[in-house]
Amino acid sequence: MNNEDDWALVVQATASPELTATPVQRLRLLHTALGLGHSITAGSVGCSVTLTVGSEFVTPAASNELAMELDLAQYAAADGPCVAACRDGAEHSIVVMSEENLYPAFTVAAVQHGVRSSLSLPLPALPSAALNLYARSQNAFEPDARTTAALLARCVARFLPEPVSPSQSARSGMAAALERRRLVRSACTRLAHDEGIDMEQAFTRIAVRSRTDQCSVFDVCADILATGAQERS
Amino acid sequence: MTAPHEPRLDLAAGMTRSGMSFYDLWLRQISVGGDAGVVEVEAYVLGLLSIDDHQHDVLAQAINEHFVDEGGDHPVGYSIDRPR
Chain A
1 MNNEDDWALV
11 VQATASPELT
21 ATPVQRLRLL
31 HTALGLGHSI
41 TAGSVGCSVT
51 LTVGSEFVTP
61 AASNELAMEL
71 DLAQYAAADG
81 PCVAACRDGA
91 EHSIVVMSEE
101 NLYPAFTVAA
111 VQHGVRSSLS
121 LPLPALPSAA
131 LNLYARSQNA
141 FEPDARTTAA
151 LLARCVARFL
161 PEPVSPSQSA
171 RSGMAAALER
181 RRLVRSACTR
191 LAHDEGIDME
201 QAFTRIAVRS
211 RTDQCSVFDV
221 CADILATGAQ
231 ERS
Chain B
1 MTAPHEPRLD
11 LAAGMTRSGM
21 SFYDLWLRQI
31 SVGGDAGVVE
41 VEAYVLGLLS
51 IDDHQHDVLA
61 QAINEHFVDE
71 GGDHPVGYSI
81 DRPR
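If you read the protein sequences in the order shown, they are chains A and B. Residue numbering for the first sequence follows the numbering used here, beginning at 1 and increasing consecutively. Residue numbering for the second sequence follows the numbering used here, beginning at 1 and increasing consecutively.
Keep in mind the hints are simulated off the structure, nothing from the lab. Virtual Cβ for every residue (Gly too), placed ideally from N, Cα, C. Hints may contain errors.
[Claimed, not checked] To list a few chain B residues with every Cβ distance to chain A over 10 angstroms, as calculated:
{"#": "1", "residue": "Pro7"}
{"#": "2", "residue": "Asp10"}
{"#": "3", "residue": "Ala13"}
{"#": "4", "residue": "Arg17"}
{"#": "5", "residue": "Ala43"}
{"#": "6", "residue": "Ile51"}
{"#": "7", "residue": "Arg82"}
{"#": "8", "residue": "Pro83"}
[As the list claims (entries may be wrong)] Okay, the calculated bits of chain A under chain B, using three or more residues with CB under 8 angstroms as the criterion:
{"#": "9", "segment": "9–16"}
{"#": "10", "segment": "53–60"}
{"#": "11", "segment": "201–210"}
Pulled out of the complex, with its shape left as it was, chain A reads as follows:
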């Protein structure tokens, strides 16, 4: 399907209850809509949704890993344009990422991923929710793009599920989760390089080893990295 077909599907679905009756239908439409976020403007490279659940922020879906990573960077710092859009219900854009001072944690992550501008806009009729768009070029979201993004936001708002609830223990876990995520990815990278396999194969080997060794996957990852450090010294 091309963009026009996807827009036709997404727009039609907002007016046809039978097309959004089941969770699977809504999730597929959400994915299609987030994919359209890549066509909003030249250089668009990621699109995601942020929901607020209690005092936490979650991404119900993202168009790709890049968008998820940039959302997570904001959640860990509890600040960033998507967080701000959820909090105040206003549009937040960053025109030139390298010149932005308001959200240092987010801008560092964005620049590292080659993202130079962003737009987060609140979702209509959904409290504390936002659509996020990320682009490789500066000042990517000019007025025409913003108008299209606003339409996309109205569509996305129709496809979102009921909010999920974090447990008490999970509420303070995002920063720790991101630290562990870096550990796992570093270990997978090391193992993939050493064994001549891809990252997914490396992850499976690490997971199975955690079962064999009856330990946490994070212990296995730490061991892989420590062994590599010893061999290099």
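Dock chain B against chain A, hints included.
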């Protein structure tokens, strides 16, 4: 340790046994390197969306990490455990 003869749990059964919320699982999935959104995680576990081997193993590990934290083992099987 899970006995060799003890059948391994699928994702849904493991999730039920764990008692976690899907937000908890999403956070654990993030921590083991996964990239699925919280709604996607739920849809995968409930079997509403097809899942590839890697995504399956990420979620399996996320659920197993819950059991390891509780002093248990790895009851949820990986893609290599599934009959071909």
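Do the hints match the structure? See the list:
1. With a cut of 10 angstroms on Cβ distances, Pro7 (chain B) stays outside the contact zone with chain A, its closest approach being about 15 angstroms.
2. At the 10 angstroms boundary, the C-beta of Asp10 (chain B) stays outside the reach of chain A, the nearest C-beta of that chain being 15 angstroms off.
3. With a closest Cβ-Cβ approach of about 17 angstroms to chain A, Ala13 (chain B) is found to remain outside the 10 angstroms limit, as its non-interface label requires.
4. Distance to chain A confirms Arg17 (chain B) as a non-interface residue, since its nearest Cβ pair spans about 16 angstroms, more than 10 angstroms.
5. A Cβ of chain A approaches the Cβ of Ala43 (chain B) within 10 angstroms, the least distance being about 5 angstroms, so the stated non-interface status is violated.
6. Under the 10 angstroms C-beta cut-off, the non-interface status given to Ile51 (chain B) relative to chain A holds; the minimum distance is some 13 angstroms.
7. No Cβ of chain A approaches the Cβ of Arg82 (chain B) within 10 angstroms, the least distance being about 12 angstroms, so the stated non-interface status holds.
8. A cut-off of 10 angstroms between C-beta atoms confirms that Pro83 (chain B) is not in contact with chain A; the least separation is 17 angstroms.
9. Counting residues of the segment 9–16 of chain A whose C-beta lies closer than 8 angstroms to any C-beta of chain B gives 0; at least three are required, and the coverage claim is violated.
10. Taking a C-beta to C-beta cut-off of 8 angstroms, the segment 53–60 of chain A contributes 5 residues in contact with chain B, enough for the three needed, and the coverage statement holds.
11. Given a C-beta distance limit of less than 8 angstroms, the hint that chain B covers the segment 201–210 of chain A holds, as 5 residues qualify and 3 suffice.
Violated hints, listed in ascending order, are 5 and 9; each of the other numbered hints is respected by the structure.
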